[in-house]
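Note that my numbering has the sequence shown beginning at 1, numbered continuously upward.
For the record, the hints were derived by calculation from the structure and aren't laboratory data.
Heads up, none of these hints are tricks.
The list that follows gives simulated cross-link-like pairs (lysine-lysine, DSS-like), each with its CA atoms no further than 30 Å apart:
id : residue 1 : residue 2
1  : K109      : K195
2  : K191      : K144
3  : K133      : K144
4  : K172      : K51
5  : K102      : K190
6  : K191      : K143
7  : K102      : K143
8  : K144      : K195
9  : K195      : K143
10 : K109      : K143
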Amino acid sequence: MKHPSEEHSVFALELFDNLIEDECTDGFISDFPCISDFTDTYTCHSCTDNKICSLCVEINDDNSTDTSTDIDIVTIANINILAGSSTKSLPSIVQPPTLELKPLPQNLKYSYLGEGDTLPVIISSILEVEQEKQLLEILSTDKKALGWTLADIPGISPSTCMHRILLEDGVKPVRQPQRRLNPVILDVVKKEVTKLLQAEIIYPISDSQW
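All chains should be built: construct the whole structure from the sequences, respecting the hints.
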């Protein structure tokens, strides 16, 4: 059996970032406003002048400080996801992150490409010393091709991450009520959204009808 040829070259396509900077400079801002700055309302179609539905009663109880007198409009409490911080994450090569290393099976182990046990990679634990050294040399040469955090993603095509809503003519947008989450799940959601915001994969939209 013929062994495959070795190829140590890594190619990266960095066209999207330049196109976005050239064409969308006015459309993007570096310091995004906090999500809690936006007003988010929900129009209930089940309430009448004489009766309020059970969902609106619960939401009104959660927002008892709201001074609105319109029973058909319920203000949804916003969550300050960024907690006052909009610092953009740096690539891991520039600022190595502190990662939580999980236990591995016996045939695998962690090795590190950065100083002070940073930039971990998972390799086989049965490699000889010389084999492990050669592997780490190749990985260290092409560290830019590896990703430890979302900030290491070189660029995403706008056509891939752009959200489109296809509606028929005359359709009225309706906002669904905010879902209740238990504290554990809420903390997980906040952390994930914070990572996406800091990596500029998502961003708040202040003028959206939705």
